[in-house]
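A.B. asks: Here's the letter readout for the chains.
There are 2 protein chains.
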Amino acid sequence: MAVGHINFPEMPPIAGIRLGTANAGIKQTVRADILVVEMAESASCAAVFTQNAFCAAPVLLARAHLPQAPRWLLINSGNANAGTGKQGLNDAAACCELVAALTNGTANQVLPFSTGVIGEPLAVAKIAAALPNAIADLSEQHWQAAAQAIMTTDTFAKTVTRELDLDGHTVRINGISKGAGMIQPNMATMLGFIATDAKIEQPLLQSLLNQSVEQSFNRITVDGDTSTNDACVLMASGCSSAPEISVESPHYALFAAAIMAVCKELAELIIRDGEGATKLIRIVVTEARDEAEAVMVGKTIAHSPLVKTAFFASDPNWGRILAAVGRAGVENMVLEKVALYLGDVCIVEQGGRAASYTEAAGQAVMNNEEITVTVNLGRGTATQEVLTCDFSYDYVKINAEYRS
Amino acid sequence: MAVGHINFPEMPPIAGIRLGTANAGIKQTVRADILVVEMAESASCAAVFTQNAFCAAPVLLARAHLPQAPRWLLINSGNANAGTGKQGLNDAAACCELVAALTNGTANQVLPFSTGVIGEPLAVAKIAAALPNAIADLSEQHWQAAAQAIMTTDTFAKTVTRELDLDGHTVRINGISKGAGMIQPNMATMLGFIATDAKIEQPLLQSLLNQSVEQSFNRITVDGDTSTNDACVLMASGCSSAPEISVESPHYALFAAAIMAVCKELAELIIRDGEGATKLIRIVVTEARDEAEAVMVGKTIAHSPLVKTAFFASDPNWGRILAAVGRAGVENMVLEKVALYLGDVCIVEQGGRAASYTEAAGQAVMNNEEITVTVNLGRGTATQEVLTCDFSYDYVKINAEYRS
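Just so you know, the sequences run in chain order A and B.
Quick note, the first sequence lines up with residues 1 to 404 if you use our numbering.
Quick note, the second sequence lines up with residues 1001 to 1404 if you use our numbering.
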């Protein structure tokens, strides 16, 4: 049920980053459900994690291991290892030990990640049995297989790639992500793994990741539910021949823009594959007092079940959008300054229906698969964009049938 | 699709309160869609209104007229007269003038209310044509017809009645409400009209209404969407032979409790008739730091589409409830103190799955039509209850097809 045209790029290798998958039979009996990522010794690694207070055991452990210069990621799909108490922490630690034993590393160099059903014990024995296969499978070529191994209710593997020419030196960036439901990342994201062969120190890498995530994964929502397991990792292997990237280097802006672009594209792919989604809705809030206010209004619209079902029905029911703006919590809003557009069609001006508006014009926009809603608050200069999808029968079906 | 057993009480007359309905053909061509309520000269009237910044024209006018000792209410269903700008205000004012002309009153003694589709001009001419019929229909007996006239997507008319014996004097309280969708009242409610023959001064009546609404209508949510037209009115005709009720009078507590009970029952009826609802879910948050925190956690659970679809599927998917608690914004929550119950079944203790929990026990609770979820935060003494319903195919169907 992907919305719009999806690019499935050839994923080139990233020097210094190897990926291996295997089938552990956690929930999937057919396809691979564990992924090991190995980073070169020269690599830096940055990560952001969910702000959900009930964050999963692997998130707690990965957060603790991040400052120890990690060399390996271990990701499993099919089980979130969340809401599993002390046993869950022991299980996540055991998985790190298993990777360490097979790679001559140490457990605190392993970042564990899990995604899937909450509250079930993790099948450590199954992972232990399959891990040697994943390690044996390690290769710089396996990005596509890696993107498939982390899927849960996703209907397609999400892959993005960029290549930069920095004064004759090639730098590559690859990213993969998974999403589909329980999507309202909060200062973090669903699972996203991005790697580059650029050389860049960890603190700068982390700051780049934080900025990029804030404007990409933190601006999407499927259902307003923040997962217990969200995480996004940015790895820089340092294996490119390009000079190290620092804040002062001439290529910093170019590199930062590319990381941002990869994050935005991965985030958009998650929405295009939102559970039951039939439409991609881009909500642009302009002339807000500040960024936070713009995001608040955008997310209030994006979370409204009434707005989302109207989009599903291709019904230009703009009253529901206006009602959402009205309850968003903007202080002292001057209604007469508010304007609302569906695509290029002005629907509301000065707080009431635009004289020029016709139902036919609104309907024409609503019939599209990708729709931009613009709300002009007329009270400042901040603009922010929030991406979401519609609410369909299939969202209910998927979530009434799937145990996530 | 009403959830559970609904009482349809015989609605006795309230002395000093007359109700008349008529069909204006605003959207309904068959049943009555306008209601006039007339209060005795001795009456006091209190009201609360939506906090939605885009509140409807009739809300603005009713708020302005409330201090003028109102004598009449005019309610129409089928059109919200919201998002209609200056024309909407003129139309609402014209309706008040029409009532005044037919009753020898003044326009500022009329409180107007509208519910229905947002953004369409109000058909004042149709209302003008039907108003004489509604006035001619005025009677103390017409509570049932009144409850029907204010319905939109409601599947049954919501009526509640109470009778108090105050030292041999009978005092009656009748209430009607409508709801179904766009339900997350904020300091107000969907349309609710409550009348008593008690004698009580306006400021005390208003304070009683405020308290009762806060613990009833403001604790329910169907979809998290706050309407542009929410309002609740409490009328006291003063026609009972019982002595005036003041804060010092011995019957004050009894009367206040009865008003609270009527509000709670009307609010619960709205949830039982929530759009597409198949289950009534009572979320009790205990040992919160304060009332606001308890309500915040309760509403976060109540708004989660993942929680609501799991209830629709009768799936004891408690991980989704835990994830909602985790993202509710409770500061410095100690996970080890959190406990979660489905009915009487302990699911989570000390932040992880309870040792005693079995899927069969959880499933048995989920199969019920009415379910209580209890979250113990273990950090204070405040308890609050939030009522909601599940999220079904029919919610999507109703809102993809109905223009609200």
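Because the hints were derived from the structure by calculation, they are not lab data.
A few of these clues could be false.
[What the hints assert, rightly or not] DEER-style ranges, computed between Cβ atoms:
| id | chain 1 | residue 1 | chain 2 | residue 2 | range |
| --- | --- | --- | --- | --- | --- |
| 1 | A | 163 | B | 1350 | 18 to 24 Å |
| 2 | B | 1290 | A | 207 | 49 to 55 Å |
| 3 | A | 207 | B | 1380 | 36 to 42 Å |
| 4 | A | 383 | B | 1215 | 48 to 54 Å |
| 5 | B | 1051 | A | 51 | 47 to 53 Å |
| 6 | A | 8 | B | 1090 | 53 to 59 Å |
| 7 | B | 1291 | A | 139 | 55 to 61 Å |
| 8 | A | 156 | B | 1051 | 40 to 46 Å |
| 9 | B | 1027 | A | 364 | 53 to 59 Å |
| 10 | A | 87 | B | 1291 | 47 to 53 Å |
Computed from a prediction, not measured in an experiment: that's the story for all the values here.
Even glycine gets a Cβ: it sits at the ideal position worked out from N, Cα and C.
A.B. asks: Now tell me if each hint is right for this structure.
C.D. replies: Hints, one by one, checked against the model:
| no. | hint | in the structure |
| --- | --- | --- |
| 1 | A/163 - B/1350: 18 to 24 Å | 50 Å, violated |
| 2 | B/1290 - A/207: 49 to 55 Å | 37 Å, violated |
| 3 | A/207 - B/1380: 36 to 42 Å | 38 Å, holds |
| 4 | A/383 - B/1215: 48 to 54 Å | 40 Å, violated |
| 5 | B/1051 - A/51: 47 to 53 Å | 27 Å, violated |
| 6 | A/8 - B/1090: 53 to 59 Å | 57 Å, holds |
| 7 | B/1291 - A/139: 55 to 61 Å | 57 Å, holds |
| 8 | A/156 - B/1051: 40 to 46 Å | 42 Å, holds |
| 9 | B/1027 - A/364: 53 to 59 Å | 25 Å, violated |
| 10 | A/87 - B/1291: 47 to 53 Å | 35 Å, violated |
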